[in-house]
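Based on the provided sequences and hints, a complete structural model is requested.
Take a look at the letters that make up each chain.
2 protein chains.
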Amino acid sequence: MDGKRIGILTEGELLTLKAKMAHGVMRYRKDVEAVIDKSCSGGNVRKLLPYVNKNIPVVADLQEAIELGINELLIGVAPPGGGLPPQWMNIIEEALASGIRVANGLHIRLAEEERFKKYKNNIFDIRYSYVPKEVAHGRAAKLKKNVILTVGSDCASGKMTTALELHQCCKKRGMKSDFIPTGQTGMYIMDNGFAIDTVLSDFMAGAIEDFVCEAAIRNDFVFVEGQGSLIHPAYSGVSLGLMHGSAPNIIVFAHDITRERLAYFDKAIPTLEEQIEITERLAGYQRSCKVLGISLFAAGMERNAVEEVICEMECKYGIPVFAPLVTGCDRFVDILEDYR
Amino acid sequence: MDGKRIGILTEGELLTLKAKMAHGVMRYRKDVEAVIDKSCSGGNVRKLLPYVNKNIPVVADLQEAIELGINELLIGVAPPGGGLPPQWMNIIEEALASGIRVANGLHIRLAEEERFKKYKNNIFDIRYSYVPKEVAHGRAAKLKKNVILTVGSDCASGKMTTALELHQCCKKRGMKSDFIPTGQTGMYIMDNGFAIDTVLSDFMAGAIEDFVCEAAIRNDFVFVEGQGSLIHPAYSGVSLGLMHGSAPNIIVFAHDITRERLAYFDKAIPTLEEQIEITERLAGYQRSCKVLGISLFAAGMERNAVEEVICEMECKYGIPVFAPLVTGCDRFVDILEDYR
Numbered sequence: 001m002d003g004k005r006i007g008i009l010t011e012g013e014l015l016t017l018k019a020k021m022a023h024g025v026m027r028y029r030k031d032v033e034a035v036i037d038k039s040c041s042g043g044n045v046r047k048l049l050p051y052v053n054k055n056i057p058v059v060a061d062l063q064e065a066i067e068l069g070i071n072e073l074l075i076g077v078a079p080p081g082g083g084l085p086p087q088w089m090n091i092i093e094e095a096l097a098s099g100i101r102v103a104n105g106l107h108i109r110l111a112e113e114e115r116f117k118k119y120k121n122n123i124f125d126i127r128y129s130y131v132p133k134e135v136a137h138g139r140a141a142k143l144k145k146n147v148i149l150t151v152g153s154d155c156a157s158g159k160m161t162t163a164l165e166l167h168q169c170c171k172k173r174g175m176k177s178d179f180i181p182t183g184q185t186g187m188y189i190m191d192n193g194f195a196i197d198t199v200l201s202d203f204m205a206g207a208i209e210d211f212v213c214e215a216a217i218r219n220d221f222v223f224v225e226g227q228g229s230l231i232h233p234a235y236s237g238v239s240l241g242l243m244h245g246s247a248p249n250i251i252v253f254a255h256d257i258t259r260e261r262l263a264y265f266d267k268a269i270p271t272l273e274e275q276i277e278i279t280e281r282l283a284g285y286q287r288s289c290k291v292l293g294i295s296l297f298a299a300g301m302e303r304n305a306v307e308e309v310i311c312e313m314e315c316k317y318g319i320p321v322f323a324p325l326v327t328g329c330d331r332f333v334d335i336l337e338d339y340r
Numbered sequence: 341m342d343g344k345r346i347g348i349l350t351e352g353e354l355l356t357l358k359a360k361m362a363h364g365v366m367r368y369r370k371d372v373e374a375v376i377d378k379s380c381s382g383g384n385v386r387k388l389l390p391y392v393n394k395n396i397p398v399v400a401d402l403q404e405a406i407e408l409g410i411n412e413l414l415i416g417v418a419p420p421g422g423g424l425p426p427q428w429m430n431i432i433e434e435a436l437a438s439g440i441r442v443a444n445g446l447h448i449r450l451a452e453e454e455r456f457k458k459y460k461n462n463i464f465d466i467r468y469s470y471v472p473k474e475v476a477h478g479r480a481a482k483l484k485k486n487v488i489l490t491v492g493s494d495c496a497s498g499k500m501t502t503a504l505e506l507h508q509c510c511k512k513r514g515m516k517s518d519f520i521p522t523g524q525t526g527m528y529i530m531d532n533g534f535a536i537d538t539v540l541s542d543f544m545a546g547a548i549e550d551f552v553c554e555a556a557i558r559n560d561f562v563f564v565e566g567q568g569s570l571i572h573p574a575y576s577g578v579s580l581g582l583m584h585g586s587a588p589n590i591i592v593f594a595h596d597i598t599r600e601r602l603a604y605f606d607k608a609i610p611t612l613e614e615q616i617e618i619t620e621r622l623a624g625y626q627r628s629c630k631v632l633g634i635s636l637f638a639a640g641m642e643r644n645a646v647e648e649v650i651c652e653m654e655c656k657y658g659i660p661v662f663a664p665l666v667t668g669c670d671r672f673v674d675i676l677e678d679y680r
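Taken in order, these protein sequences are the chains called L and S. Just so we're aligned, residue 1 is where the first sequence starts under our numbering, counting upward by one. Just so we're aligned, residue 341 is where the second sequence starts under our numbering, counting upward by one.
Everything labelled a hint here was simulated from the structure, so no lab data went into it. Even glycine gets a Cβ: it sits at the ideal position worked out from N, Cα and C. Please note that the accuracy of each hint is not assured.
Short, incomplete list of chain S residues facing chain L, as computed with Cβ under 7 Å [said to hold, decoys possible]:
1) D537
2) S541
3) Q626
4) Y679
This is the structure:
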């Protein structure tokens, strides 16, 4: 088909954390034409979501998006567990019946739903596009290349954005770099990677090992999108499987300084010192590894305030701190250059 | 159907670690009638595998097992990753064609293999018998009951045996106890539980949380079979998902003292002190938790030698050490009684 012209369905959730897939896709892809969300219709994403930094109109329904010429509908919310709000099924059917491809980032397999079976060639169940075949063999731990994993203090704390921004910065500077998405958002942005949360748990480490070893053949820097958090009640297993399968020698710790408790759980986040220490220890069981920097997220904070926090944190933790979306990644990539 | 009369196919692997499912099933079930394994045919399990401690004849092929009256064939090897040796397919077909039910503990779904589809009602794909629906909500961490998880220094280091022996000992003493298997062996022994390694990784913690909360309603002690090891290159993610989903307040550390390196990986096992410390720390993120004892495995060691090691280890680590299969569990359950 011609190039994609994407419409994203966020129906009521555009401004919430549940729409983080939509936010990431809008920020990093250049072919999003419309967001479908009655709660903000008539608005523009540039104003509604400064993080995205793109002119994308918000429309009230699928028909308006079709009038704007979309040829692919992305289901753009990713609530914990990935269930699909029942009322969305009609919109999806309407899109498929109009010949629009549907890309789905949720845990549900749309192509296997009875009512969508006849459209299954036009459905892309993102999370199920990769099926691993092998458990891990510890191969990544033996690599001589740099594997840089992002680890975070919670879900949605900037792990994908950090890895992707660092990768793009390295590329721009002519370094041999690759980025491996491990979630549906990164996969959809890059047309690459796999969704580790949808892999059978025995194969988590084996799947990322495969991707990392493949990427390391032609690159000096392999950035791996981390998932969840090592202290998270629901997702810590995925975080550790990803860590031990990818066997990083460098970790960047992604932290949202505006958050003191887990986003979906009423639970305090331990201190950064403690998290960094246990992160290095656990990673060290596979390959000697250091948390080389902290990547800061602080939605809504002014540049001056962010720079002040960076200064304080660098003193406190003794490692470089950067805010990819505010101060950029160049200062940190200067340090990575020494690992070339 | 009438009671099971089980034949176990181990074909050449009866005496290896790959047949650990067969070993566990033979030890704990009372209805295994034959093992099919040419490499030891004519022998008896009591002599070949002291751990099992049962009179079970080893026969050369399926026909001999059928003559002994089996009505269920268990695929009794569980190699890493769970693939099925191709040459076994014919034996399975022969069994199904003879009206014998086939129970399969491997990752492959036999019921979905083209050649077995017509027999699918007679196939039990053990690992796929439970489908979780929810991610974890941190519910287990709020329980007031005792949740006892076994954590180990490697695969096949006695985690299932320890949990099961402790549970049986508690039952015998009239304590309200349940045991939740999390692997195919325990599931097949108990007709309960689920295979955590075959759950989509996002649902690992949610699945065990469900089982634990359900079991805690009617019991004071819920024993959870641990999996893998927190330092394992391939399975650490499963271990941590299980730990954080079940949120134990008590951990028993299962350790095979004859092993200094991981069974399937050329990798040293860290010291017990270190493993116990990191185990308590990681568990503590969900619920205050203590490693209350060490469960010792030492295949082939004499009772006297085991008792000597126990004595040394109790001095060294300052916590109770017991060898479930040598010295029994009573001394350790005495301590658990205080938690009633």
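Against the structure, test the hints numbered earlier, and report the numbers of the ones violated in rising order. Failing hint: just 4.
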